[in-house]
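2 protein chains.
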Amino acid sequence: MPSLYDVAAIGNAIVDVIAPASEAFLEAEGLAKGSMMLIDETRALALYGRMAGGVEASGGSAANTAAGVASFGGRAAYLGKVADDQLGEVFAHDIRAIGVDFRASPLEGRPATGACLINVTPDGERTMCTYLGAAIELRDTDIDQEVVEGASVLYLEGYLFDPPEARRAFAKAAGLARGAGRTIALSLSDAFVVERHREALLGFIEGQVDIVFANESELKSLFRTDDFDAAARSIGAMTKIAAVTRGAAGSVVLAEGAIIAVEAFPVEKVVDTTGAGDQYAAGFLFGLAGGRPLESCGRLASLAASEVISHYGPRPQASLRQLATAKGL
Amino acid sequence: MPSLYDVAAIGNAIVDVIAPASEAFLEAEGLAKGSMMLIDETRALALYGRMAGGVEASGGSAANTAAGVASFGGRAAYLGKVADDQLGEVFAHDIRAIGVDFRASPLEGRPATGACLINVTPDGERTMCTYLGAAIELRDTDIDQEVVEGASVLYLEGYLFDPPEARRAFAKAAGLARGAGRTIALSLSDAFVVERHREALLGFIEGQVDIVFANESELKSLFRTDDFDAAARSIGAMTKIAAVTRGAAGSVVLAEGAIIAVEAFPVEKVVDTTGAGDQYAAGFLFGLAGGRPLESCGRLASLAASEVISHYGPRPQASLRQLATAKGL
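Protein sequences, first through last, are from chains A and B.
For the first sequence, this note's numbering begins at 1 and goes up steadily by one.
For the second sequence, this note's numbering begins at 1 and goes up steadily by one.
Please keep in mind that the hints were generated in silico from the structure rather than gathered at the bench.
Among the hints, erroneous ones may be present.
Straight-line Cα separation of at most 30 Å, BS3-like style, residue types lysine-lysine; simulated pairs [said to hold, decoys possible]:
hint: 1; chain 1: A; residue 1: Lys-220; chain 2: A; residue 2: Lys-240
hint: 2; chain 1: B; residue 1: Lys-269; chain 2: B; residue 2: Lys-327
hint: 3; chain 1: A; residue 1: Lys-240; chain 2: A; residue 2: Lys-172
hint: 4; chain 1: B; residue 1: Lys-269; chain 2: A; residue 2: Lys-269
hint: 5; chain 1: B; residue 1: Lys-172; chain 2: B; residue 2: Lys-240
hint: 6; chain 1: A; residue 1: Lys-172; chain 2: A; residue 2: Lys-220
hint: 7; chain 1: A; residue 1: Lys-269; chain 2: B; residue 2: Lys-327
hint: 8; chain 1: A; residue 1: Lys-327; chain 2: A; residue 2: Lys-269
hint: 9; chain 1: A; residue 1: Lys-327; chain 2: B; residue 2: Lys-269
Calculated from the model, a selection of chain B residues having no Cβ within reach of chain A, i.e. all distances over 12 Å [to be verified]:
hint: 10; residue: Glu-23
hint: 11; residue: Gly-49
hint: 12; residue: Arg-50
hint: 13; residue: Ser-58
hint: 14; residue: Asp-101
hint: 15; residue: Arg-103
hint: 16; residue: Asp-140
hint: 17; residue: Glu-146
hint: 18; residue: Gly-179
hint: 19; residue: Arg-233
hint: 20; residue: Ala-237
hint: 21; residue: Arg-246
hint: 22; residue: Pro-266
hint: 23; residue: Gly-291
hint: 24; residue: Ala-318
Partner residues aside, some chain B positions facing chain A, computed with beta carbon under 8 Å [claimed, not checked]:
hint: 25; residue: Pro-20
hint: 26; residue: Tyr-48
hint: 27; residue: Met-51
hint: 28; residue: Gly-54
hint: 29; residue: Glu-56
hint: 30; residue: Asp-85
hint: 31; residue: Gln-86
hint: 32; residue: Leu-87
hint: 33; residue: Asp-94
hint: 34; residue: Ile-98
hint: 35; residue: Arg-315
Here a beta-carbon is modelled for each residue, glycine too, at the ideal position from N, C-alpha and C.
Chain A on its own, in the form it takes in the complex (with noise of 0.2 Å):
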């Protein structure tokens, strides 16, 4: 069946506040640097109230790679829940607008629209704080069949695997892909998430998933090891393809027996990494889409990763299609 779309994602809807922070303001608030950690709404308030003055940018692991995959001028859909206030018209605005396609309607009433407090430090990395909100609602009914049936890949996100109606929205859009006989994607997405899912995602993977993206500390998790190159080994044998980013280091994609190194896209300042993951899977599931060779896939994905770190906020802010096209990609 021809496709309606190269990509549908799902994942937790979340807007990000973004601020600087110092080492020391981590260490005061007990904050592992690099982490996603959840927090209740008691909690995301007094954070924020002890937090620097920020900016604020529509975010969420899954949807700014559909966001990254559209910015390329591929088709992307959208699946997520936000609540009807002012951070949730942000969100489906900036989705929108971006060219996905975004069909949920709000939440109405409590909770508000999940958020996601970044703290970055000088260095660029981000330690995330989140509060799902409205995401947690996210249920079963709404995974729309057509939307899921119609994409070539489904990308899910491994945070999907905290909120419990979200993991059974995450069953079912698994089976109706699987059933129409289109290619599973899943990001393993925070260290902390495989520690406290592993055995639940490692079923999950050997079971449904033909494409795993991880970075370093999430693949060393999954298999409890702290020998890279025996976890690169092992998720190359569960699954058909399986992309491994290094930070500055690139990545490396193992597909079949091959184990391909990318370089990293040189930046000349990381001002925040926040969304680079996230846009590595875009460029990548992007080269997919086209019909790339996998070496390819790996230079579109270091290109939006590499476009990310340059600025504040998770999601392009150049036209990755134009940058691509200028890169000679």
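Using the hints provided, position chain B relative to the given structure of chain A.
Okay, now just chain B, sitting in the frame of chain A:
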């Protein structure tokens, strides 16, 4: 009387929505590049719907200046009106987080917090459409006597000449400051504001203003002339100090017959000029509060402007105090 604050600023409290745009978009929307246009809520929603995805950041001209003064380590207070909604919370959080005293309680119910829709063209120039929202509800009863009388400088934005009630608040604040023997500073804000309120502005400047901030086009509009030197002489004769910015060409400070040329600080890439004039005023007023010579005030002003135009958003992302120290100012 010793002062509680270096600067008390009064203005329209606004949250900015900043998005990239093409020159063709401005033309299609009928927007005069580089200007500020007032729009109603219906027009705001329609324009927002057609704008690209963006970021939200607290703004408001005088609020940005207060934030800049605080970022330099100065003592600043701000008076302005937001609503009891999410963007109002963002505004209140951000201005307090940077260290500005902001005591106002939010407006309950409608209208919503004011928003400025800012389209940034590839050359970094910003074109603004403002929906005043709750800002229009600023009343003379919102003018906190202790704050105004306690500040060395009362800083007012010309934008306040638009909402009728705000003009009354403006007049009350000026009267209090004058009575307490304080300095009154005014930013002309925008050439179209000057066009709308030329006579009222000229009367206010002649009667009550000690320091005027303007850019070249605002100054020419004020005196209905294309002759910059003539306009500069005119404003110099009307006030104790006039600081006139000329973009990349730097600025000119006129004070009691003296004319001081100040160079712009070099910037690698102009990303978004939003807030350039506001931060110029912040640096200048912080310098004055510290008893510095005018040339040094101008250098601090240029430094603050250079920081803010190198990123999206109208307020400093770096500590201006640290930046000034690093530059030996």
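So, going through the hints one by one against the coordinates:
1. A:Lys-220 x A:Lys-240: Holds. Lys-220 of chain A to Lys-240 of chain A sits at ~19 Å (cutoff 30 Å).
2. B:Lys-269 x B:Lys-327: holds, 19 Å
3. A:Lys-240 x A:Lys-172: Satisfied, since the Cα-Cα distance of roughly 22 Å is no more than 30 Å.
4. B:Lys-269 x A:Lys-269: holds, 13 Å
5. B:Lys-172 x B:Lys-240: Holds, at roughly 22 Å.
6. A:Lys-172 x A:Lys-220: holds, 28 Å
7. A:Lys-269 x B:Lys-327: holds, 20 Å
8. A:Lys-327 x A:Lys-269: Holds: Lys-327 of chain A and Lys-269 of chain A sit about 19 Å apart, inside 30 Å.
9. A:Lys-327 x B:Lys-269: holds, 20 Å
10. Glu-23: It holds; Glu-23 of chain B is separated from chain A by about 15 Å at its closest Cβ, greater than 12 Å.
11. Gly-49: violated, 7 Å
12. Arg-50: violated, 8 Å
13. Ser-58: violated, 7 Å
14. Asp-101: Asp-101 of chain B clear of chain A: closest Cβ-Cβ about 14 Å, beyond 12 Å.
15. Arg-103: holds, 16 Å
16. Asp-140: Per Cβ check, Asp-140 of chain B is outside 12 Å of chain A; nearest 28 Å; holds.
17. Glu-146: holds, 24 Å
18. Gly-179: holds, 33 Å
19. Arg-233: holds, 40 Å
20. Ala-237: holds, 39 Å
21. Arg-246: holds, 28 Å
22. Pro-266: Fine: 16 Å to the nearest Cβ keeps Pro-266 of chain B off the interface.
23. Gly-291: holds, 28 Å
24. Ala-318: violated, 8 Å
25. Pro-20: Holds - the Cβ of Pro-20 of chain B comes within 8 Å of chain A, reaching about 6 Å at its closest.
26. Tyr-48: holds, 6 Å
27. Met-51: holds, 7 Å
28. Gly-54: Nearest chain A Cβ about 7 Å off; hint holds.
29. Glu-56: holds, 4 Å
30. Asp-85: Holds, because the Cβ-Cβ distance from Asp-85 of chain B to chain A comes to roughly 6 Å (cut-off 8 Å).
31. Gln-86: holds, 4 Å
32. Leu-87: Interface hint status for Leu-87 of chain B: holds (5 Å vs cutoff 8 Å).
33. Asp-94: Constraint on Asp-94 of chain B satisfied, holds at 4 Å.
34. Ile-98: This hint holds: Ile-98 of chain B lies near chain A, its Cβ roughly 5 Å from the closest one there, short of 8 Å.
35. Arg-315: This hint holds: Arg-315 of chain B lies near chain A, its Cβ roughly 7 Å from the closest one there, short of 8 Å.
Checked against the numbered hints above, the structure breaks hints 11, 12, 13 and 24 and satisfies the rest.
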